[in-house]
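Colleague: Heads up: the protein sequence lines correspond to chains A and B, in order. FYI, in this note's numbering the residues of the first sequence are 1 to 293. FYI, in this note's numbering the residues of the second sequence are 1 to 394.
For the record, the hints were derived by calculation from the structure and aren't laboratory data. Keep in mind that this is a model prediction, so the values were computed, not measured.
Counterexamples of contact, computed for chain B against chain A with all Cβ distances above 10 Å: (1) Gln159; (2) Thr225; (3) Asn344.
Using 30 Å as the maximum straight-line C-alpha spacing, the simulated DSSO-like pairs for lysine-lysine come out as follows: (4) Lys326/B with Lys229/B; (5) Lys13/A with Lys214/B; (6) Lys50/A with Lys62/B; (7) Lys284/A with Lys62/B; (8) Lys12/A with Lys252/B; (9) Lys252/B with Lys229/B; (10) Lys252/B with Lys13/A; (11) Lys50/A with Lys168/A; (12) Lys50/A with Lys214/B; (13) Lys50/A with Lys276/A; (14) Lys188/A with Lys12/A; (15) Lys13/A with Lys216/B; (16) Lys12/A with Lys216/B; (17) Lys276/A with Lys12/B; (18) Lys62/B with Lys197/A; (19) Lys229/B with Lys50/A; (20) Lys12/A with Lys259/B; (21) Lys168/A with Lys226/A; (22) Lys251/B with Lys280/B; (23) Lys197/A with Lys276/A; (24) Lys284/A with Lys197/A; (25) Lys251/B with Lys214/B; (26) Lys252/B with Lys216/B.
Note that beta-carbon positions come from the ideal geometry of N, C-alpha and C, so glycine has one too.
These are the residues of each chain, in order.
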Amino acid sequence: MTAMIDAERLRKKYLRDGMLPTIFCNGCGHGAAFDYAFRAFEELGLDMDKVALASGIGCSSRIPGYINADGLHTAHGRALAFATGIKAANPDLTIVVFTGDGDCTGIGGNHFIHAARRNIDMTVILLNNFIYGMTGGQLAPTAPIGSISTTSPYGNIEQAFNICELAKALGAAYVARWPIFHPYQPIKSIKEGIQNKGFSLIELLSPCPTAYGRRNKLGEIDSLWKWYEDNTILIEDYEKAMDYGTEEEKEAVRGKFQVGVFQNVQKPGFFEEYDKLVQRIIAKEDERKGGAE
Amino acid sequence: MRYERDPARIRKVLGDKVQFVQGDMAAAYGGLLAGCSFFGGYPITPASEVAEGIARMLPRVKGTFIQMEDEIGSLAAVIGAAWGGAKAMTSTSGPGFSLMMENYGYAIMTETPCVIVNVQRTGPSTGQPTLGAQGDMMQVRWGTHGDVEAIALAPSTVQECLDLTIEAFNLSEKYRHPVCLMADGEIGHLREKLVIPDEDEMTLIERVPATIDKDKFLPFGNSQTRDNKVPDFPTFGTGYRTYVTGLTHNKKGFPATDKQRDHEELITRLVTKISDDREKLTNVERVELDDAETAFVTYGASARPTESAVATARKNGMKVGMLRLKTVWPFPRRTIEELSKKVNKIIVPEMNLGQIVHSVREYSCDGCEVTLAPKVGGEMHLPDELFGYLEARK
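So here's chain A without its partners, still in its complex pose:
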């Protein structure tokens, strides 16, 4: 079905008038992210009047500005906390958050942890480009060891965040990671994430040629994208290599980004549970006669 959707029609339907061109550089992966989101919205038949977007600060957080829906472009790192409030006030809204690796796991790490732990019904599309792109290329908590950035000019010595593993450990309902240059899997994951009643994280590995690729000598756009091909591996293939592979095969996959769906469980989201709690309290309340506290 996806292939049959007319891209031009989708853009007309989902892009906000008067906001183009985007701020994104040539070769940036972020544009693909909202194209994938549009396709997921379309296939789900979402009423965009009932979708609320939220974002923090950074390149990826500018995405809601281009989408024709209610959008809250908030403070750096805080999108998930803002989104929690939107959902609380109107549980009928579908909440989609666009965020980046620095926004969500650097400055916003604590909100991420707690939104996932509470299992708030929202879909977080996290564009991980290993770098603070908008501010000119400073070290992100997701940067691989050895990465050169303006604030790690001699090479990064910090261990990188594994965002999906963290989300999994927190009990997030849906967790997936995909490189952005494969369209079908991200679209499917965004759909599954929105359909899931709990907290959904879709991490998309998205290249930043300007601030990351250039300094780390990943070459022109085609070789940069090839880097992602070479450095990612399906979860199943990774596990196969680790379980049955030779030492050489194990070594070859050890440093790669596993991609795929890490977790997909159905469990009630926070507000569904809250609603049940309130029903119980109210029922008890109405049982009693009048009576002051």
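Given the coordinates of chain A, work out where chain B should sit on it, guided by the hints.
Modeller: Then chain B, alone, in the frame of chain A:
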């Protein structure tokens, strides 16, 4: 399940009309009465009882309480809830208020109605957590970066904790602005008589929802339906598809970060929509001021010993009065100016080393001596101390 304000249910939860309760609890009651349906908060002394009170009550009226991960997240969730259509509030004290400063500015920039109850303590830093002070009277005005106007109310009684919380909600809805109830630890933890107003004894103001044609609607300009600088509110989910950003934005809400005119126009409107109404917003209590030669200007808990000092002074034949500020921001400039023309001396008792005294001095006329009567360390002024200030300045 969606919240709808249900007076019968609220009254049932609140209980007796006359009670003996803490200021913190009275602020929680005020929120409930105003129709608050979302509270996001984080524990902090001496404000925790506001959250504890509302955590018990809010689910019983179908509202939502969430203890957030910190004060930054608390105000963030409150702002989100406001855009989702809720009347929303949080409560905190000094350190938490400091953490809220960025999102406080965001609420101002995005014209988001919400209420922050600050049960103040002292600082800097952790200071004296369990003791009251008036440590944030300037932070509420100048603590966030950029050019802003503030609306801040200061209660001096438990009753005012309730009444002014309702008022804070009303002003936040009217001006689409975060409004702060600047209580202090003394009033927050004070227990005294509280009378819960009946429905017909209260006025509630609701935000004006966007109604005009979606293509013509401008979410961040003057109102298009009223002669007013406050735009109508396009609640999320009502089809207006509004983009809300903390960046400088044009009337459509789109980022306009490199345009001087857009910024000037936006910020001027955000400030003047409040400062134009400075006189309307001025809410003061005048005690024995008619023939006064010396006046105390004070607010919050400090007004209580001050009133005793005024009574003692009057017994001693001294012409002393008190001006109590219930609205501290926007600052009642004209009231201070007029007072300073009438009296020779103004003394400003504050539970800090001098905050509001600076504004009093700024708007007092030449020839009127303005001095500070500070008290720090977690104790209130004693009436005798304040009487001592009068004697020293005779």
